[in-house]
Amino acid sequence: MSTFVQLTVTGLSNGAILALAALGFVLIYKSSAVINFAQGQFLLIGAYVVWALTADAGLHWSLAVLGAVLVAIVLGLLVERLILRPLVGQPIISVIMVTIGLAQVLGALVLIIWGTTPRAFPDFIPSDSVDLLGAQVGESRLWAIGLVGIALLAFALFFTRSRHGIAMRAVADDQQAALAMGISVRRVFALAWALAGVSAVVGGMLLASLVGVSSEISGFGLLVFPVVILGGLDSVLGAVVGGAVIGLLTTYTGGYVGGGLETVIPYVALVLILLVKPYGLFGQARIERV
Amino acid sequence: MAATTTGVYHTTYTADLALRHTKLEYVRLALTLAVVVVLPFVASPYWLTVLNQIGIAIVGAIGLNILVGYTGQISLGQGGFLAVGAYTAGIVATKTGASPLLGILAAVLATALVGAFFGLPALRLKGLYLAIATLASQQIIIWVITHWEFVTGGVDALVLEPVALFGWTITGDTQWYWVIAGFAGLATLVGTNLFRTGLGRAFVAIRDQDIAAEVVGVDPMRYKLLAFAVSSGFVGLAGALTAYWTQILTWERFTLDVSILYLAMIIVGGLGSISGAIYGAAFMIALPAYLQQLSFRFQGDSFFVSNLPALQLLIFGATIVLFLVFEPKGMARIWQRMKDYFRLWPFRY
Amino acid sequence: MRLRTGAVAVLLALALTTGAQGAADGSSSIKIGGIFALTGPTSDVGVPYSEGVKAYVTYINGRGGIKGRKIDFISQDYAYNVARGEQLYSQLKSNGVVAIQGWGTADTEALRTRVNADRIPYMSASYAATLINAQETPYNFFVAPSYSTQMRIALRFIADQSKGQQTEVAVFHHDSPFGQSPLEDGKRYIQDKSLKLGYKTYTMAAGATDYTAQLTQVQSQGARWIIIQNVSTPAAALARDIARLGLNAKIVCLNWCGDEIFVGLAGRAAVGHYTVQPWGTTGLKVPGLKAPSAYLASRGKTLGVASLHFVQGWYTMAVMSKGIERVIASGKTVDGPNLKSALETMPKFSTGGVTPEVKFTPRTHEGLHSSRIFQVIRGRFRQVTGYRIP
Numbered sequence: 003m004s005t006f007v008q009l010t011v012t013g014l015s016n017g018a019i020l021a022l023a024a025l026g027f028v029l030i031y032k033s034s035a036v037i038n039f040a041q042g043q044f045l046l047i048g049a050y051v052v053w054a055l056t057a058d059a060g061l062h063w064s065l066a067v068l069g070a071v072l073v074a075i076v077l078g079l080l081v082e083r084l085i086l087r088p089l090v091g092q093p094i095i096s097v098i099m100v101t102i103g104l105a106q107v108l109g110a111l112v113l114i115i116w117g118t119t120p121r122a123f124p125d126f127i128p129s130d131s132v133d134l135l136g137a138q139v140g141e142s143r144l145w146a147i148g149l150v151g152i153a154l155l156a157f158a159l160f161f162t163r164s165r166h167g168i169a170m171r172a173v174a175d176d177q178q179a180a181l182a183m184g185i186s187v188r189r190v191f192a193l194a195w196a197l198a199g200v201s202a203v204v205g206g207m208l209l210a211s212l213v214g215v216s217s218e219i220s221g222f223g224l225l226v227f228p229v230v231i232l233g234g235l236d237s238v239l240g241a242v243v244g245g246a247v248i249g250l251l252t253t254y255t256g257g258y259v260g261g262g263l264e265t266v267i268p269y270v271a272l273v274l275i276l277l278v279k280p281y282g283l284f285g286q287a288r289i290e291r292v
Numbered sequence: 005m006a007a008t009t010t011g012v013y014h015t016t017y018t019a020d021l022a023l024r025h026t027k028l029e030y031v032r033l034a035l036t037l038a039v040v041v042v043l044p045f046v047a048s049p050y051w052l053t054v055l056n057q058i059g060i061a062i063v064g065a066i067g068l069n070i071l072v073g074y075t076g077q078i079s080l081g082q083g084g085f086l087a088v089g090a091y092t093a094g095i096v097a098t099k100t101g102a103s104p105l106l107g108i109l110a111a112v113l114a115t116a117l118v119g120a121f122f123g124l125p126a127l128r129l130k131g132l133y134l135a136i137a138t139l140a141s142q143q144i145i146i147w148v149i150t151h152w153e154f155v156t157g158g159v160d161a162l163v164l165e166p167v168a169l170f171g172w173t174i175t176g177d178t179q180w181y182w183v184i185a186g187f188a189g190l191a192t193l194v195g196t197n198l199f200r201t202g203l204g205r206a207f208v209a210i211r212d213q214d215i216a217a218e219v220v221g222v223d224p225m226r227y228k229l230l231a232f233a234v235s236s237g238f239v240g241l242a243g244a245l246t247a248y249w250t251q252i253l254t255w256e257r258f259t260l261d262v263s264i265l266y267l268a269m270i271i272v273g274g275l276g277s278i279s280g281a282i283y284g285a286a287f288m289i290a291l292p293a294y295l296q297q298l299s300f301r302f303q304g305d306s307f308f309v310s311n312l313p314a315l316q317l318l319i320f321g322a323t324i325v326l327f328l329v330f331e332p333k334g335m336a337r338i339w340q341r342m343k344d345y346f347r348l349w350p351f352r353y
Numbered sequence: 013m014r015l016r017t018g019a020v021a022v023l024l025a026l027a028l029t030t031g032a033q034g035a036a037d038g039s040s041s042i043k044i045g046g047i048f049a050l051t052g053p054t055s056d057v058g059v060p061y062s063e064g065v066k067a068y069v070t071y072i073n074g075r076g077g078i079k080g081r082k083i084d085f086i087s088q089d090y091a092y093n094v095a096r097g098e099q100l101y102s103q104l105k106s107n108g109v110v111a112i113q114g115w116g117t118a119d120t121e122a123l124r125t126r127v128n129a130d131r132i133p134y135m136s137a138s139y140a141a142t143l144i145n146a147q148e149t150p151y152n153f154f155v156a157p158s159y160s161t162q163m164r165i166a167l168r169f170i171a172d173q174s175k176g177q178q179t180e181v182a183v184f185h186h187d188s189p190f191g192q193s194p195l196e197d198g199k200r201y202i203q204d205k206s207l208k209l210g211y212k213t214y215t216m217a218a219g220a221t222d223y224t225a226q227l228t229q230v231q232s233q234g235a236r237w238i239i240i241q242n243v244s245t246p247a248a249a250l251a252r253d254i255a256r257l258g259l260n261a262k263i264v265c266l267n268w269c270g271d272e273i274f275v276g277l278a279g280r281a282a283v284g285h286y287t288v289q290p291w292g293t294t295g296l297k298v299p300g301l302k303a304p305s306a307y308l309a310s311r312g313k314t315l316g317v318a319s320l321h322f323v324q325g326w327y328t329m330a331v332m333s334k335g336i337e338r339v340i341a342s343g344k345t346v347d348g349p350n351l352k353s354a355l356e357t358m359p360k361f362s363t364g365g366v367t368p369e370v371k372f373t374p375r376t377h378e379g380l381h382s383s384r385i386f387q388v389i390r391g392r393f394r395q396v397t398g399y400r401i402p
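Chains as they are written, first to last, in our numbering: chain A, 3 to 292; chain B, 5 to 353; chain C, 13 to 402.
Calculated directly from the structure, the hints in this document are not laboratory data. Just so it is clear, the structure is predicted and the values come from calculations on it, not from any experiment. One should not assume that every hint holds.
[Stated by the list, open to error] Some chain A residues near chain B, calculated using beta-carbon distances under 8 Å:
| # | residue |
| --- | --- |
| 1 | S96 |
| 2 | Q106 |
| 3 | V107 |
| 4 | V278 |
| 5 | P280 |
| 6 | L283 |
Beta carbons: idealized from backbone N, C-alpha and C, even for Gly.
The whole structure should be built from the sequences, with the hints applied where relevant.
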């Protein structure tokens with residue numbers, strides 16, 4: 003029983019971090035129909051900036067997180083303005099490739115600025131063990147789950163109650179109509195990228211507290227794809243549910259089956275979902291023949 | 005739109021379909037062949053190795069361009085298909101000791117089959133869904149290779165004996181240059197000719213307007229699968245050549261980074277053009293190689309040397325981004341513009 | 013074809029500008045190549061090791077070189093990627109290097125036939141047992157007990173600590189030839205010596221964020237000892253997960269994770285764990301550490317920060333240097349075969365207490381055969397046994 007609890011909590015917390023990364027992804031896709039292959043690198047930058055501000059510059063962790071959030075917002079805005087805007091109207095392969103190119107550039111910059119030595123993440127996220135139903139569970143994992151819940155709630159409120167959130171949904175639905183209604187599509191894009199940056203910082207921070215600050219974090223970004231395909235590319239709720247499912251699936255496979263299967267199972271699940279329900283559990287289906 | 009062969013009138017269908025129309029084009033062709041022949045004698049050993057790599061990449065890039073540039077399908081699974089071709093050839097060589105030609109044939113067929121299989125999602129998905137499906141296929145293929153130890157040796161390197169063809173062992177980069185250049189030339193010829201046939205035109209029709217194509221009688225299902233199969237065949241050939249040339253096969257040669265490299269080749273080179281694939285392959289391989297050569301000159305604690313891989317990565321990514329932002333049609337377009345400028349001078353267009 | 017003119021012209025220009033690399037200048041400097049992992053999977057230990065190797069070269073050149081001849085050291089990063097390593101090897105060869113300081117198991121094993129054919133002595137940081145036999149791999153050397161020897165030492169230590177009771181051992185290893193190197197030999201050792209040890213292996217996948225799933229399997233196995241054949245960063249992550257789960261298991265790290273990096277990253281989770289570390293830790297008071305720490309001090313750094321892998325690289329290069337010195341002293345030209353026989357016939361080389369004395373023979377190229385065992389006590393690895401053999 004305690005094994006099951008152990009695995010479940012680990013799976014849910016991994017899934018929570020995946021969901022945070024996926025949230026940024028979904029936001030960008032929802033508003034501008036762009037697939038951001040650089041999401042993993044955003045996580046990486048988030049983790050490194052928080053580490054650098056805390057460990058190197060010696061700031062208090064709240065200031066460091068704030069600083070990292072600011073950096074993420076600026077980065078998101080710059081990327082949107084300088085790189086994505088010139089590519090409006092280009093075939094989708096070009097847009098995909100430009101975010102891939104961006105991913106390489108960001109990864110390389112992190113390597114150049116901070117080197118390859120892995121670092122320990124500062125201890126402000128408590129990492130003691132907590133006893134839960136007979137199993138020892140890391141406190142930082144529970145924090146991860148909690149933070150994602152809060153983020154989900156915040157986004158739900160944002161999209162339903164706030165003007166900017168509704169504007170974003172309008173742009174995602176029909177850009178022309180939104181423009182006709184006086185919504186600045188450009189501002190919505192910028193906002194989407196900025197919010198994606200913020201969720202990446204938080205996700206990166208949590209991930210780094212679990213595995214340490216190193217370039218390994220960007221590899222996590224690839225796992226975002228099974229999550230968003232499962233949940234639906236344009237659904238926030240889907241990102242969270244997808245994250246939980248993939249996180250649990252991977253951990254259960256690792257715990258009960260083993261043999262390295264857990265590294266490939268998300269991709270097998272992805273292919274199966276694509277064949278059965280390509281738009282995911284909560285995504286908006288598009289009617290297309292052949 | 006600039007006219008590239010103004011003043012040329014065709015009076016027969018054969019003349020219209022010909023690959024070269026004017027005398028100048030024949031002269032350029034002859035010059036190119038001359039350079040290709042002379043190159044191995046003037047290049048240093050290091051650059052000869054790089055040329056061989058470029059030759060193999062040309063085969064793979066042409067294959068990928070057929071799929072992405074001409075048929076409009078997206079594939080992030082190039083690395084995985086190269087792996088299938090390479091390991092098939094490697095396994096045929098080490099386990100059966102058959103002639104390398106048989107190994108190449110097996111590699112091409114096996115990769116075409118695997119490619120067609122992973123192309124099945126293309127029938128239902130488009131655009132980025134297809135990209136993600138192929139990304140998954142890449143990861144799955146690599147996982148199978150590293151875990152199917154009985155056949156592939158798992159994470160261990162598969163070491164091949166030097167290749168012998170009709171009793172002649174191919175040793176040294178110069179000999180390999182001729183073999184690889186031969187295959188690259190063959191691939192270029194087949195690729196260019198493909199688009200003079202009905203098959204090629206069907207591919208282009210699917211890229212442009214697949215629903216309209218179906219109306220006109222092009223069965224998308226059949227032709228999409230064929231596009232994956234043909235493209236993967238080329239890629240399988242490239243993989244087999246990699247196996248025989250390097251003689252050391254590890255899964256690390258075929259990761260997602262390689263898929264991205266090939267995509268970068270055809271995008272930087274120019275989608276939908278065989279020559280673009282060639283330029284792109286040459287450029288994307290020569291650039292990091294040149295940087296590496298430079299770093300040998302700057303030994304010591306310099307920033308350049310200690311950060312070389314990061315700088316290579318940075319320049320690689322920056323190249324992709326800059327080309328896409330400033331010249332989305334790639335090097336083929338740049339070359340086209342240069343030719344037009346001289347052809348039409350002193351007029352602007 | 014007209015299509016290739018542009019690309020080919022570019023290549024021609026490049027080829028002609030950079031030109032052919034000539035052979036080494038035989039009379040004055042000695043060209044040695046270095047293939048290092050400065051980025052990628054093993055870079056956490058690869059960077060300090062490479063710095064140690066290069067530091068020794070600078071140190072010896074600063075003292076006038078080896079019998080008046082300086083070492084021209086050309087090295088580059090290959091990111092632990094076999095394909096790149098192999099390419100780098102070809103480049104170094106065409107640059108005319110006499111010997112190579114290498115790194116990883118996968119690439120060293122893949123290159124061994126070529127190294128043999130090219131007759132270039134290759135001293136690797138890989139301690140795989142496949143590189144020991146001088147009949148099979150005459151040009152491969154390494155200055156350490158092989159991973160298999162270390163595994164045997166670890167298993168015997170565990171058997172001794174368990175006082176003859178049946179104990180379960182879990183072996184966590186890197187997902188690569190490096191990780192798999194000692195596994196079979198470990199199992200065979202248990203059978204040969206009839207040790208009462210259960211033995212189960214677990215792969216640490218690259219990029220894994222946590223090992224909880226595998227640790228639950230370890231729990232059901234009931235393992236009390238965990239041997240880790242991996243580098244420091246993943247080992248530290250594993251240690252932290254073990255502490256988090258409250259698992260009552262002791263770690264025995266083989267040489268690549270038993271270092272300051274492990275202790276630093278694992279923090280409190282490192283307490284009480286062991287390592288089979290043939291290279292002395294930087295806390296040891298041995299004369300052999302004087303030269304490297306003096307060198308570092310002159311550059312404003314300390315040994316503790318540079319880590320024991322710096323010393324490892326330093327002395328590995330020192331051994332090769334000694335071999336070169338013997339070749340020059342005997343009046344022969346410094347080339348591969350002469351260096352190989354010089355290394356094989358060298359008398360015992362002392363590292364001043366950092367390691368046991370280094371000795372190769374014409375039959376085996378495994379430089380060391382025993383190791384001390386250290387334990388994390390009060391924040392550092394401290395010696396708990398003398399030199400132990402399997």
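How the hints compare with the structure:
Here the hint on A:S96 is kept, as its CB sits about 5 Å from the closest CB of chain B, short of 8 Å. Interface hint status for A:Q106: upheld, as the beta-carbon distance to the closest one in chain B is roughly 3 Å, under 8 Å. Residue-level restraint check for A:V107 holds (minimum Cβ-Cβ distance to chain B is 4 Å; threshold 8 Å). A hinted interface residue such as A:V278 counts as satisfied when its beta carbon comes closer than 8 Å to some beta carbon of chain B; here the least separation is about 10 Å, so the hint is violated.
Interface hint at A:P280: satisfied, since its Cβ lies 6 Å from the closest Cβ of chain B, which is below the 8 Å cut-off. Interface hint at A:L283: violated, since its Cβ lies 15 Å from the closest Cβ of chain B, which is beyond the 8 Å cut-off.
In terms of the numbered hints stated before, the structure departs from hints 4 and 6, listed from lowest to highest.
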